[in-house]
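Chain residues, written in single-letter form:
2 protein chains.
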Amino acid sequence: MSRIVQKYGGSSVATAEKIQHVARRIAERRRAGDDVVAVVSAMGDTTDDLIDLAAKINAKPNQREMDVLLSTGEIVSSTLLSMALDAEGLDAISLTGAQAGIRTDEVYGRARIAEIQTERMERELAAGRVVIVAGFQGISENFDTTTLGRGGSDTTAVALAAALKADACEIYTDVPGIFTADPRVCPEARPLRDIGYEEMLELATTGARVMHARAVEVGAIYNVDILVASTFDASAPGTLIHGETTMEQGNKVRGIAHQDHIAKVTVRGVPDQPGIAARIFEPLATAGVSVDTIVQNASVEDLTDLTFTVAPGDLDKATEVINGLLAQIGGGGIVTAPDLGTVSVVGTGMASAPGYAARMFKTLFDNQINIEMISTSDIRITCVVEGARVGDAVRALHAAFELDRG
Amino acid sequence: MSRIVQKYGGSSVATAEKIQHVARRIAERRRAGDDVVAVVSAMGDTTDDLIDLAAKINAKPNQREMDVLLSTGEIVSSTLLSMALDAEGLDAISLTGAQAGIRTDEVYGRARIAEIQTERMERELAAGRVVIVAGFQGISENFDTTTLGRGGSDTTAVALAAALKADACEIYTDVPGIFTADPRVCPEARPLRDIGYEEMLELATTGARVMHARAVEVGAIYNVDILVASTFDASAPGTLIHGETTMEQGNKVRGIAHQDHIAKVTVRGVPDQPGIAARIFEPLATAGVSVDTIVQNASVEDLTDLTFTVAPGDLDKATEVINGLLAQIGGGGIVTAPDLGTVSVVGTGMASAPGYAARMFKTLFDNQINIEMISTSDIRITCVVEGARVGDAVRALHAAFELDRG
Chain A
464 MSRIVQKYGG SSVATAEKIQ HVARRIAERR RAGDDVVAVV SAMGDTTDDL
514 IDLAAKINAK PNQREMDVLL STGEIVSSTL LSMALDAEGL DAISLTGAQA
564 GIRTDEVYGR ARIAEIQTER MERELAAGRV VIVAGFQGIS ENFDTTTLGR
614 GGSDTTAVAL AAALKADACE IYTDVPGIFT ADPRVCPEAR PLRDIGYEEM
664 LELATTGARV MHARAVEVGA IYNVDILVAS TFDASAPGTL IHGETTMEQG
714 NKVRGIAHQD HIAKVTVRGV PDQPGIAARI FEPLATAGVS VDTIVQNASV
764 EDLTDLTFTV APGDLDKATE VINGLLAQIG GGGIVTAPDL GTVSVVGTGM
814 ASAPGYAARM FKTLFDNQIN IEMISTSDIR ITCVVEGARV GDAVRALHAA
864 FELDRG
Chain B
464 MSRIVQKYGG SSVATAEKIQ HVARRIAERR RAGDDVVAVV SAMGDTTDDL
514 IDLAAKINAK PNQREMDVLL STGEIVSSTL LSMALDAEGL DAISLTGAQA
564 GIRTDEVYGR ARIAEIQTER MERELAAGRV VIVAGFQGIS ENFDTTTLGR
614 GGSDTTAVAL AAALKADACE IYTDVPGIFT ADPRVCPEAR PLRDIGYEEM
664 LELATTGARV MHARAVEVGA IYNVDILVAS TFDASAPGTL IHGETTMEQG
714 NKVRGIAHQD HIAKVTVRGV PDQPGIAARI FEPLATAGVS VDTIVQNASV
764 EDLTDLTFTV APGDLDKATE VINGLLAQIG GGGIVTAPDL GTVSVVGTGM
814 ASAPGYAARM FKTLFDNQIN IEMISTSDIR ITCVVEGARV GDAVRALHAA
864 FELDRG
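Each protein sequence line maps, in turn, to chains A and B. Its first residue numbered 464, the first sequence is counted upward by one per residue in the working numbering. Its first residue numbered 464, the second sequence is counted upward by one per residue in the working numbering.
Treat the hints loosely; a few may be bogus.
Listed next, the stretches of chain B that the computed footprint assigns to chain A, with coverage defined by at least 3 CB atoms under 8 Å from CB atoms of chain A [said to hold, decoys possible]:
(1) 516-530
(2) 546-553
Straight-line distance between alpha carbons at most 25 Å, and here's what the computed DSS-like set of lysine-lysine pairs gives [stated by the list, open to error]:
(3) K715(B) to K825(B)
(4) K825(B) to K523(A)
(5) K519(B) to K481(A)
For the record, the hints were derived by calculation from the structure and aren't laboratory data. Note that the structure is a prediction, hence the values are computed from the model and not measured. Cβ coordinates follow ideal geometry from the N, Cα and C atoms, glycine included.
The whole structure should be built from the sequences, with the hints applied where relevant.
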């Protein structure tokens, strides 16, 4: 008898019929003798619908209220799944984040889990019940509802698996696992059998939206093996995210991630002196502009170029802020590019083997794709390219690194 | 400076625009210097929609889960109203039933309030905030969500007014007060300026759906004056429900209530012996049939007729239960009538003045409306009549008791 934590995403519980399907899958596991804790997201587009409703009432809604509002989506689906299990003849109980003992800090909209008090869940499991937990939410010291941010139900599931010392954590979604690239862009993409935490983190933060990055972090810290698999295709094996040596050693690049819709801002001729970055990025943060990658070029005659990427919707605001600063910081001017994207190659093996960056750049050059910007980590190389060429870049790199061969 | 508890019903918060209207009304009061606690119902048809969704998944959903599910409707509207107040420049905070300290027993679906722990509300009021409380819900000792039953937000508001020692409790709805009869049935009906608790209770339990009966009970126990008024017509004075001598002494009948869709079951020739009622009504209760009025006729030759009313949807089940009992209890047969209604005259003054019943019966007779069944309390006379004649009966009685004269 094992103890299993499962998580079902919004598309897996989007309708009454899909909730009943999920209930049947849980019932199979339960009848096979396993204890099951299931974490659910809000049904389908519920969260977006609630955000739209709030926007009609207040263009900049208070984040505490927003968290209470959004938390209801997961509460609804958790009760419906509990009812569906009851209809399958199983004893089940839904718990809100608060009832499941998920204590967080009070940073509304992106709270972090501080502690999980498992007494209630343990009591319900001991009573033979399937425990359904509303994902994405917790409760602060002040007894206020918090949410963990977009995709937070993944984090809920992995954190519960750690706290409950579960034998397995299974993330069920509408795709059969983690792919070598986005199959909508690259038809040759294939699901990976397994992947390391760090590789998965890099893929998640550079565009593979299957898995929430913070969930992978929690998995890495508590060494929770995470299976990402399909809700609807039980025959697909899924992808195991874990910390052990990968079983697929033949290829050191594990996947190609990409992001559409990136804008770039270059501040030219900035005096290369201490504190200059802070004087640029603090006003941007104050104005609510979220900056992604930052690159500073080597200094020429004590002047440097500083380039960063932002969401296209923030480009006008970023331009306005920088233009207001130019005289003060002594910058030479601003150049912007509104329609870019990123493409990244990711793989742990890359760190110890040279030549991957060169192969990436050559592949892009061979396909006449211009590189606008480069950033790297130990296990990732990211290039910013023209938005219209992102798909071509993904396909070319997928072939160049022989990811179609498995 | 006064402390006011207000309640806004589902039709008052049915859309983003209506929520903004409610926010402006609250803002006026707050700016005039009053402390405001506002209780809200779920938006429009939300509760019915959630019930329908649950029914798709489980024909007989677990009541604990149902309570958690339904409680989300009021949580959603409370956060949206808080956001709307924020947009009006007011400091506001939404509280769930649990956060507002509304402790109940654990009778899911119709929980009763055991205690209200006001510390959090007092703290928020002291900080100058408008406090928005999600109506209809509370929390049990076991930290489980409960609901107070249909219309329970009225009860929330009156109970909060009592616990917070508020100066006024105002129930805002889509009609301008309590009418002498349902204006949709009786065009001559007019709003009452005031009414006593007991009269209001009788009106509420016999068909005047403006006010939840349990809310009136709580008002009577804690002597909370309750103003029922229109959300949208600020010029209408509304109706004050209170315990003092009525200001309108001219007429001892205060209102005509009615109910459509009542079915009647008569068990004929039942032996008139102790315990017979229990042997009939216990199996009905076990079968989930909710019985309303019960009348037992005088005994003839040790046999009696026992008549009761049920919802038409329960008539088949009631017939089945009774037929299964007839041989055992020695009953003579069963007669049912599926399409009846009730009409009631209500007024405290009736208790001490004779002739009201006679006038009621004569009015119905003059209009050739047959009386199928009669039941009375100190301040109410109810007649069961043919369903198709309920409207005629209401209009005739409204005229006969001169309720149009004010």
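Please flag the earlier hints that this structure goes against, numbers listed from lowest up. 4
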